[in-house]
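Participant: Below, each chain spelled out in residue letters.
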Amino acid sequence: MDNTLSNTALTEPHGPRPKRLISTRNIVLYGFLIVAALYWLLPLYVMIITSLKGLPEIRMGNVFSPPVEITFAPWAKAWDSACTGLYCEGLKVGFWNSVKILIPSTIISITIASVNGYALSFWRFKGSEIFFTILLFGAFIPYQVMLYPLVIILRELHLFSSLGGVVLIHTIFGMPILTLLFRNYFASVPEELFKAARVDGAGFWRIFLQIMLPMSLPIFVVAIILQVTGIWNDFLFGIIYAGTHNFPMTVQLNNIVNSTQGVKEYNVNMAATLLTGLLPLIVYFISGKLFVRGIAAGAVKG
Amino acid sequence: MKLNRKLIVSAIAAATASLGGLASSANATELEVTHWWTSGGEAAAVKVFADAFNAGGDTWKDGAIAGSGGTARPVIISRIIGGDPMGATQLNHGRQAEELVEEGLMLDLTELAEKEGWKDLVRPSSLLDACTLDGKVYCVPVNIHSFQWMWTSLDAYKKAGVDAPADWNEFVASAPKLREAGITPLAVGAQTWQTNGMFGVIRMGLGGIDLFRKTDVERDPEAIRGETMASIFKAFGEARSLDDENNSIQNWNDATSQVINGTHGAQIMGDWAQGEFQVAGQTAGVEYDCLPGLGIAPALDTGGDAFYFPVQDDPEKTAAQLRMASMMISKPVQVDFNLKKGSLPVRGDVDLAAANECMKKGLEILKDPANIVPGGDQLFSQDTLGQLEDLLAEFWTNPDMTPEDAHDAWATLYEEAD
Amino acid sequence: MSNNLTNQQAPASEATGRQRRHPLLRNLSAKIAAIPMVLVTLVGFVGCSVWSIVYSFTSSKSLPRETFVGLKQYDRLFDSSRWQASVENVAIYGVCSLVFSLGVGFLLAVAMDQKIRFENTFRTIFLYPFALSFIVTGLVWQWLLNGDFGIAQVIRDIGFTNFEFNILSDREYSIYAIVIAGLWQGTGFVMALMLAGLRGIDQDIWKAARVDGIPAWRTYLFIVIPMMKPVFITTLVIIASGIVKVFDLVVALTDGGPGVSSELPAKYVYDWMFGRGNLGQALAASTVMLSTVLIILIPWAYLEYSQKKDATHG
Chain A
0 MDNTLSNTAL TEPHGPRPKR LISTRNIVLY GFLIVAALYW LLPLYVMIIT
50 SLKGLPEIRM GNVFSPPVEI TFAPWAKAWD SACTGLYCEG LKVGFWNSVK
100 ILIPSTIISI TIASVNGYAL SFWRFKGSEI FFTILLFGAF IPYQVMLYPL
150 VIILRELHLF SSLGGVVLIH TIFGMPILTL LFRNYFASVP EELFKAARVD
200 GAGFWRIFLQ IMLPMSLPIF VVAIILQVTG IWNDFLFGII YAGTHNFPMT
250 VQLNNIVNST QGVKEYNVNM AATLLTGLLP LIVYFISGKL FVRGIAAGAV
300 KG
Chain B
0 MKLNRKLIVS AIAAATASLG GLASSANATE LEVTHWWTSG GEAAAVKVFA
50 DAFNAGGDTW KDGAIAGSGG TARPVIISRI IGGDPMGATQ LNHGRQAEEL
100 VEEGLMLDLT ELAEKEGWKD LVRPSSLLDA CTLDGKVYCV PVNIHSFQWM
150 WTSLDAYKKA GVDAPADWNE FVASAPKLRE AGITPLAVGA QTWQTNGMFG
200 VIRMGLGGID LFRKTDVERD PEAIRGETMA SIFKAFGEAR SLDDENNSIQ
250 NWNDATSQVI NGTHGAQIMG DWAQGEFQVA GQTAGVEYDC LPGLGIAPAL
300 DTGGDAFYFP VQDDPEKTAA QLRMASMMIS KPVQVDFNLK KGSLPVRGDV
350 DLAAANECMK KGLEILKDPA NIVPGGDQLF SQDTLGQLED LLAEFWTNPD
400 MTPEDAHDAW ATLYEEAD
Chain C
0 MSNNLTNQQA PASEATGRQR RHPLLRNLSA KIAAIPMVLV TLVGFVGCSV
50 WSIVYSFTSS KSLPRETFVG LKQYDRLFDS SRWQASVENV AIYGVCSLVF
100 SLGVGFLLAV AMDQKIRFEN TFRTIFLYPF ALSFIVTGLV WQWLLNGDFG
150 IAQVIRDIGF TNFEFNILSD REYSIYAIVI AGLWQGTGFV MALMLAGLRG
200 IDQDIWKAAR VDGIPAWRTY LFIVIPMMKP VFITTLVIIA SGIVKVFDLV
250 VALTDGGPGV SSELPAKYVY DWMFGRGNLG QALAASTVML STVLIILIPW
300 AYLEYSQKKD ATHG
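Protein chains in written order, with numbering that gives the first Met the number 0: chain A, 0 to 301; chain B, 0 to 417; chain C, 0 to 313.
Excised from the complex, chain A in its bound form (with noise of 0.2 angstroms):
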């Protein structure tokens, strides 16, 4: 059970090939599936109608008909000007707070964990297996074990509350993960390929930098798309190591969705809500099925 898994995964179905198009199998199968997506579907729709709707609407009709007005000002609130206590700014500081944190996050965890994945498959030291095994661990670990010495450790290092201190912890909570993506990924590369360079003489870092990169673009994507959503998606880092001028988006939001000044304004929270969730949506949606291998690469492991 290894990668091979993954790359095989969205190839061909294997089950008994269907017969009629409308037979009682048939009937099972698809009613089956579409009452499970109307399901699915559902949250979405009744985010994307309420946040389209006006109050007084939200107040009078009911959650799944569509709205009678179509209203674009809940969005602008949402974006531009809900408010936190004094600050009527809506999401767009989160949002680029979020940016802040997520680009210099990505890279760097990506840039560790590939290069751990590469050492780990070719260039095994004593103990090389050893930290590995003990990082898969710390896949599982409960972050709660880890929340306060963490504090500690960056206040050391003058990090804590600060950008490069929350994307440092995006970096070790990031690393099992990635490591592990890697390390599978250079596995499967012909052993013969890297022998060759060795004999012409390339060492540690050529080889990394001249053959393992530019053959493993793919599972850069994967790796990206994993950390893009996990990194945006992100509440308990933000708001313990970011500090309040760096909240990201997700710490924003629920901000913005627990003050009410006089009414709870339903429509605007939905916007907001979408708005939060519209960046990984929009990954999800274009990556398509990479995003699929990257998770099931990611999590099911050899």
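Treat the hints with care, as some may be off.
With a Cα cut of at most 20 angstroms, we get these calculated EDC-like pairs of lysine to aspartate or glutamate [stated by the list, open to error]:
1. A:Lys263 with B:Asp253
2. C:Lys71 with B:Glu414
3. B:Lys60 with B:Glu315
4. C:Lys71 with B:Asp367
5. C:Lys30 with A:Asp79
6. A:Lys288 with C:Glu118
7. A:Lys263 with B:Glu414
8. B:Lys60 with A:Asp79
9. A:Lys263 with C:Asp147
Pulled a few chain B residues facing chain A out of the computed Cβ check, cut under 8 angstroms [unchecked claim]:
10. Thr33
11. Ile80
12. Arg239
Cβ pair distances, simulated, as ranges [said to hold, decoys possible]:
13. B:Ala172 with A:Lys99: 57 to 63 angstroms
14. C:Leu70 with B:Ala172: 34 to 40 angstroms
15. C:Ser28 with A:Lys99: 29 to 35 angstroms
16. B:Glu244 with C:Asp156: 37 to 43 angstroms
17. A:Val67 with B:Glu237: 51 to 57 angstroms
No lab work stands behind these hints: they were computed from the structure. Note that beta-carbon positions come from the ideal geometry of N, C-alpha and C, so glycine has one too.
Assemble chains B and C onto chain A, guided by the hints.
Facilitator: Coordinates of chains B and C only, in the frame set by chain A:
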């Protein structure tokens, strides 16, 4: 109220101008201020601080964290521990910051306090005591907050055709009538601190101030496990049937909105609820009414908000912190801030002609020192308070928990409290 | 896959001229490149865990102090009714998540594997919530399950005027609201893993089964599922370790309420660590969480490891 506003604004300008004189030698400095005041009335009150601070040439960088102190405190405290202290932060004074002060993480304000004579200004003196550790002052009390209020919707009672209650017993008696009219008697937000606070108010109302002193200040074991406490737990247990079974409200101000809209009869909540009625344009005695001490035993527990100033490396920031501390306790700011917030000023020497009916009731009670007890934040550690909150929230939401069991668990927590 | 990599100390270049180096310096670039990993494992994962375990035996309040009090924090933890409720809830959440996400996930995967039309569309629909943050998921379901506005109101509008469905404010059922939201987010992922597992199964198995006239359901139950054991185990471990970590979802959906009826261990740790200033208590709770994870993980790691050994030598 409207007329006075102008006066107040100009007074603030004057005061900050004089502060500005003090500050003019230093450069304008930006200070980040964290707090959890995000409801309508609270935000209006924070703006008073911010405007006054900015008027002095400095910059107030607002760091509001939504979702009550329970959400905000972890963020605030982890930042101070983590070595990235903000310029100033709200905390409930008392024991929340005790350890951080001991560790030398908070700015010593003693010099400023002595110069401005806070000792003589601040009333009741227990407020300043709560800011003091080993004879040194570490925080500025900005208001007196008391949980000991019940807010009733006069509209709701009109609709139900019953007289508005004058005390808790009448309220309980009127509950079935409200139900008949489709009105839920009691509005309660689901956050645990609200249930705990409500219990404190019912305890004070039904048990009286002496019992409160015995249990909370002296921790008299006989009083804690006594008959009166048992009967209070029974009454609280019965009150469980008064709220909305399907309550899906978290925030206290959402519950206050229910009272404002007249869909619910009453809410037991601290005086900060008043700011919400004000923002909604309602007047005490017309649309709503307030009953201190459940209308039975008027008393005020003087919890309150205070601002702490974490130690900064930059001497200019330290100077700005002192300017902010001085601003917060200055006369005009105290008046305007507290009118907006619905709380009472910490200074005894301010003119509160603009105060509304409810605040006047509060001021009246405050005059007699016998009516004043320390607030929970001063008496217990956050650790103990947290456990009490969990227990009372469980009791409130779990109809199967008997008053006897709750009483026993509560007494055990009191006995083990540090 | 690991056996082709075992002897890559790469002595090849050692012979190409340079002098013999000290053993510690051999393979130096790789060792330098591995420094971040070594630091993260030693200081991060091992160091931090050990630190937390040690300080769970102290009476530390807001700040860590070396005031050891033995098992006192653990006594209090296990006596605390909120912790008991948290453990009970995580058990309910865990069992429901495992049963339903594995069950439904597998059924969906089987359905998807029947050469259906619009496979990509269906997969997209089932999987998109997985791209969302728990905070987003929590807020959406809070809205849908709201007893005044949400699904309940719709059913009342249809004509069932007395319909009451308000699990968010019902202490008996509030944890199931978290289950529903969690399943919505995670089941598609399980489906994707299961589908990958199904597609990894040899076509010939199906041919053979059909030749023997074994009905499809029996083939799945008695042949395919046993063959997919490794996929099931891996999925199980992933779901299980996710269950212990659930935090954001509760914060956004119920905030632990009503009362303490939907509290979970991760939130207990967070509350006491910073807000309620009893670090020792928080760390005791986190140590218990860590032990639970290790109890799940070690047998699995052992199984995986011994299987690999068998594969290598067999």
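Participant: Run every hint past the structure and note whether it holds.
Facilitator: Here's how the hints hold up against the structure:
1. A:Lys263 with B:Asp253: Holds, because 8 angstroms separates the two Cα atoms, which is no more than 20 angstroms.
2. C:Lys71 with B:Glu414: holds (16 angstroms)
3. B:Lys60 with B:Glu315: Holds, because 16 angstroms separates the two Cα atoms, which is no more than 20 angstroms.
4. C:Lys71 with B:Asp367: Outside the cut-off at roughly 44 angstroms; violated.
5. C:Lys30 with A:Asp79: Given pair C:Lys30, A:Asp79 is violated - Cα atoms ~49 angstroms apart, limit 20 angstroms.
6. A:Lys288 with C:Glu118: holds (12 angstroms)
7. A:Lys263 with B:Glu414: violated (41 angstroms)
8. B:Lys60 with A:Asp79: holds (19 angstroms)
9. A:Lys263 with C:Asp147: holds (13 angstroms)
10. Thr33: Holds: closest Cβ of chain A sits about 6 angstroms from B:Thr33, inside 8 angstroms.
11. Ile80: holds (6 angstroms)
12. Arg239: With a minimum Cβ separation of about 25 angstroms from chain A (threshold 8 angstroms), the hint on B:Arg239 is violated.
13. B:Ala172 with A:Lys99: 57 to 63 angstroms: Cβ of B:Ala172 to Cβ of A:Lys99: about 59 angstroms, so the range 57 to 63 angstroms holds.
14. C:Leu70 with B:Ala172: 34 to 40 angstroms: violated (51 angstroms)
15. C:Ser28 with A:Lys99: 29 to 35 angstroms: holds (32 angstroms)
16. B:Glu244 with C:Asp156: 37 to 43 angstroms: Since the Cβ atoms of B:Glu244 and C:Asp156 sit about 21 angstroms apart, the hinted range of 37 to 43 angstroms is violated.
17. A:Val67 with B:Glu237: 51 to 57 angstroms: 46 angstroms Cβ-Cβ, so the 51 to 57 angstroms window is violated.
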